[in-house]
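**Student:** Below are the chains, spelled out letter by letter.
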Amino acid sequence: MSLELFLLLAAALFSVGLFGALTQQSIVMLMMGLELMLGGVILAAAAVWHYVAPAATDGQVLVVLAVTVMAVEMAIGFAVVTALFRAREVDVTDEAAELKA
Amino acid sequence: MPDVAVFWALGALAVVSGVMVFRFDSMARATYALLLSLLCVGGLVIVLGLDYLGVVVVLMMTIEMAIMAVFMVMYMMNPAGLMPMSMLHNKKGAAVLCTLVFLLLAAGIVLAPWPKRSGRPADDPTKALGTALMGPHILTMMTLGFALFATIVATVVLATRRGRYDRFGDDLRARTADDPVRGGVGR
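As they're listed, the protein sequences go chains A and B.
Position 48, counted from 1, in the first sequence is what our numbering calls 48; the numbers after and before it change by one each time, with no gaps.
Position 165, counted from 1, in the second sequence is what our numbering calls 165; the numbers after and before it change by one each time, with no gaps.
It is possible that part of the hints are untrue.
[What the hints assert, rightly or not] Residues on chain B that point at chain A, a partial pick, calculated with CB under 10 angstroms:
no., residue
1, Val45
2, Leu133
3, Phe168
[Claimed, not checked] Computed footprint of chain A on chain B, listed as stretches where at least three residues anywhere in the stretch have a Cβ under 8 angstroms from a Cβ of chain A:
no., segment
4, 14-28
5, 103-109
6, 172-182
Quick caveat, the hints were computed from the structure, so don't treat them as lab data.
Built from N, CA and C at the ideal position, the CB exists for glycine as well.
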């Protein structure tokens with residue numbers, strides 16, 4: 001086990017999550033991709049804490065931050081989907097493209 | 001070296017179930033695959049010596065996926081995979097982009113001159129985290145607190161169909177509620 005292995009694993013999770021966030025049509029599935037990406041971030045932060053600076057607590061604080069971001073993202077995401085569905089009966093990303101340039 | 005075995009087992013399971021999230025037809029199965037993947041992440045955080053944060057990740061993800069399952073049922077395109085259909089768009093472009101992102105990250109990870117490990121972890125990393133959050137990192141803690149509170153307010157505002165301002169006007173002084181259907185509840 002080494003820092004590189006953990007970071008490669010985190011990068012793999014991040015890339016898989018990015019693929020999901022880019023390809024999924026359903027907004028709920030898109031958010032699952034974002035969750036997977038943040039899972040990679042959590043793993044990377046924990047690995048950097050353990051292998052680079054275990055004496056400092058900054059790595060742990062970063063994990064706390066990522067976990068909070070996950071919770072906020074889920075809550076706001078579902079609230080936006082609910083508002084969007086109420087207004088226009090839309091639950092697919094392709095139909096919510098008003099802001100597309 | 002049980003740690004190494006655990007690392008490879010959890011790591012492989014995390015990536016495989018992460019991929020399966022986007023391969024399953026059924027969104028319910030996809031939710032459980034994501035749960036498995038994030039539980040493995042929690043397990044790996046515990047392997048790294050952060051017992052408390054690992055357990056927090058495990059507990060939080062379990063509850064989060066349970067809540068997600070409810071929303072799945074509400075906004076599901078393809079219930080239980082009964083209707084085989086593609087739920088993807090722009091698959092090729094995204095695959096190329098993600099491969100590029102992974103290669104870029106991997107190159108950075110392999111080539112970067114990582115610093116040597118400095119210092120040793122505190123005897124009780126959880127206590128160190130708590131002391132940091134209530135001491136030097138209090139600004140982080142306060143920002144997170146405000147962000148979470150703002151989230152509560154924003155989600156309620158976004159998810160409410162008609163609030164009291166819609167029913168009683170902006171100054172809340174209308175004598176009767178402006179409801180689309182008569183006979184609703186009072187104030």
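**Student:** Is the interface hint satisfied for Val45/B? The criterion is a beta-carbon contact with chain A at less than 10 angstroms.
**Tutor:** holds, 5 angstroms
**Student:** Are 3 or more residues of the segment 172-182 of chain B near chain A, judged by a Cβ distance of less than 8 angstroms?
**Tutor:** violated (count 0)
**Student:** Taking 8 angstroms as the Cβ threshold, is the statement that the segment 103-109 of chain B is covered by chain A upheld or broken by the three-residue rule?
**Tutor:** With 3 residues close enough to chain A, the hint holds.
**Student:** How does the coverage statement for the segment 14-28 of chain B fare against chain A, requiring three or more residues with Cβ below 8 angstroms from a Cβ of that chain?
**Tutor:** Coverage by chain A holds here, the residue count being 7 at a Cβ distance below 8 angstroms.
**Student:** Verify the interface restraint on Leu133/B: the C-beta must sit less than 10 angstroms from at least one C-beta of chain A.
**Tutor:** holds, 7 angstroms
**Student:** Does the CB of Phe168/B sit less than 10 angstroms away from some CB of chain A?
**Tutor:** violated, 20 angstroms
The structure is inconsistent with the numbered hints 3 and 6, although it conforms to all the rest.
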